[in-house]
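Asker: Make the full structure from the sequences, and use the hints.
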Amino acid sequence: MPTERANTIRRADYTPPAWLAEEIELDFELDPDRTLVTATTRFARNSAGDAAAGDAAFRLDGDGLELVAVELDGEVLA
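Mapping the sequence shown onto the working numbering, position 19 (from 1) lands on 19, and the numbers just tick up by one.
Don't take every hint at face value.
Claimed, not checked - Estimated spans, in silico, between C-beta atoms of each pair:
no. : residue 1 : residue 2 : range
1   : 10        : 32        : 38 to 48 Å
2   : 23        : 65        : 14 to 24 Å
3   : 19        : 67        : 17 to 27 Å
4   : 42        : 5         : 32 to 42 Å
5   : 76        : 8         : 34 to 44 Å
6   : 12        : 45        : 19 to 29 Å
7   : 69        : 19        : 15 to 25 Å
8   : 47        : 24        : 18 to 28 Å
9   : 5         : 69        : 25 to 35 Å
10  : 8         : 31        : 17 to 27 Å
11  : 10        : 30        : 32 to 42 Å
12  : 75        : 8         : 16 to 26 Å
13  : 16        : 41        : 14 to 24 Å
Everything labelled a hint here was simulated from the structure, so no lab data went into it. Even glycine gets a Cβ: it sits at the ideal position worked out from N, Cα and C.
Answerer: If you want it as C-alpha cells, here you go:
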C-alpha cells in the first residue's frame with residue numbers, strides 16, 4: 001500500500017491544459033490472466049491553454065500500468 005501523499009491541487013492554481021484529447025478508441029482483449037488494452041487517441045493543442053506553456057511537453061501519466069509501446073503518426077517512439 002503506497003504511503004505517498006497526493007499533491008493538493010487548488011482551484012485557484014488551475015490552468016487550462018496544453019493538450020486536449022479529441023478522440024479516444026479503446027480495444028480490449030479480455031483474458032483472466034492478462035488483459036490487453038489498446039488505446040488509440042488523437043490529441044491536439046488547446047488554443048485556450050496557458051500561453052506560458054508554449055511548447056509544453058506532452059506527458060502520459062499512469063499508475064500500475066505496463067507500457068508496451070507508443071507510436072506517433074505510425075512511428076514507434078523510444
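Asker: So, for every hint listed, does it hold in this structure?
Answerer: Here's how the hints hold up against the structure:
no., hint, in the structure
1, 10 to 32: 38 to 48 Å, "holds (42 Å)"
2, 23 to 65: 14 to 24 Å, "holds (21 Å)"
3, 19 to 67: 17 to 27 Å, "holds (18 Å)"
4, 42 to 5: 32 to 42 Å, "holds (34 Å)"
5, 76 to 8: 34 to 44 Å, "holds (37 Å)"
6, 12 to 45: 19 to 29 Å, "holds (24 Å)"
7, 69 to 19: 15 to 25 Å, "holds (20 Å)"
8, 47 to 24: 18 to 28 Å, "holds (20 Å)"
9, 5 to 69: 25 to 35 Å, "holds (32 Å)"
10, 8 to 31: 17 to 27 Å, "violated (38 Å)"
11, 10 to 30: 32 to 42 Å, "holds (39 Å)"
12, 75 to 8: 16 to 26 Å, "violated (38 Å)"
13, 16 to 41: 14 to 24 Å, "holds (18 Å)"
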